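Novice: Below are the chains, spelled out letter by letter.
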Amino acid sequence: MTTKLPPTDVVIIGLGWTGAIVAKSMTDAGLRVVAIERGPWRDTPTDFPPNYAPDELRYAVRHDLFVRPAQTTLTCRNNPSQTALPIRTWGSFLLPNGVGGAGVHWNAQTWRFLPTDFVLKTHLTQRYGAKFLPEDITIQDWGVTYDELEPHYDTFEYLCGTSGIAGNLKGQKQPFGNPWEGPRSRPYPDAGAKAALRTCAMGRGSERNGLQPLPATLRQSVARLHEP
Amino acid sequence: MGTQKCVHALVQLQGTSTTPFFEILLQDTRQGFFADPIYGGNRDMAAWKMIGFPGARYDYRDWVERHNERYPLPPVSITGRTEWSPARP
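Line order of the protein sequences matches chains A and B. Residue numbers for the first sequence follow the working numbering, so the first one is 12 and each next one is one higher. Residue numbers for the second sequence follow the working numbering, so the first one is 82 and each next one is one higher.
Mixed in with the good hints, there may be bad ones.
Partner residues are not named here, just some residues of chain A that face chain B (Cβ under 7 Å, in silico) [to be verified]:
(1) A64
(2) D66
(3) L68
(4) C211
Keep in mind that the hints were calculated from the coordinates and are not lab data. Given the structure is predicted, the values throughout are model-derived calculations rather than measurements. Ideal Cβ positions, reconstructed from N, Cα and C, are used throughout, including at glycine.
The whole structure should be built from the sequences, with the hints applied where relevant.
Specialist: Structure below.
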């Protein structure tokens, strides 16, 4: 039996980070938006109150927030000679379930891609010669460059209150950040959690050996909330 | 419960390898011993005391930069502290 729902301007399939940002932009522009998501409804006060401790067995081991294999069964084989069988326990990837999508359980590491990642075929060919890439390697340039995406990276980092230490501000290398990253238009919005890196034995040893350890770039805002 | 099911299956399926049975037995034992007492094992956080795991404390920020110091507080579980456990039957 078909259920006919009231008409709407926009339907978004999947309400994770991407869908939620698109939904906000479109509702701000005055459009009526319906978002469709598999799995349960989740909201912050009910599912993620600060006085609740998500424990390792329920969440990390038994994958409470992810799709149940019986809910959406995928098959897998490790090489073409095998018969593909149903995956019973997620491993190399974790399918999100419920409102919020992967944004509910992501590790909040928000590295930017390097400028060369966007033009990988060109980069490797220029660096190692036209014969470097075997014919059956199908990598391509993205068709969009780091510089074109930089304002969007910036918007997302400020939306999230991402923490980290800039390694390259408008082309100027900065100490204690990632020296290989592309130019940023401004610093991270948050200096970040106290990093044990520079005081611990591993951090000091790395520096003694000429390496440049840097804190992970995380969306774990500790200083203040940011509402751009 | 998982283990009971597995034993049952092995009895019915003669010739099946015992490896999956042992793997589940080992996994359940590990999980029962090390998981939060809320699941019924790890009574009084005995496993956590043994390995020095402080449990489900809310905030460790004061300790981020204190290396090679023993954390002095006893473990807490999701349901609380050892002293709050009901008396043994």
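Novice: Against chain B, run the beta carbon of C211(A) and see if the smallest gap drops under 7 Å.
Specialist: holds (6 Å)
Novice: Double-check A64(A) for me: the hint is only fine if its C-beta lies closer than 7 Å to a C-beta in chain B.
Specialist: OK, holds: A64(A) within 7 Å of chain B, min 4 Å.
Novice: Given L68(A) was flagged as interface, is its beta-carbon under 7 Å from a beta-carbon of chain B?
Specialist: L68(A) check passes; min Cβ-Cβ to chain B is 4 Å, inside 7 Å.
Novice: Could you check if D66(A) really has its C-beta closer than 7 Å to a C-beta on chain B?
Specialist: holds (5 Å)
The structure meets every hint from the earlier list without exception.
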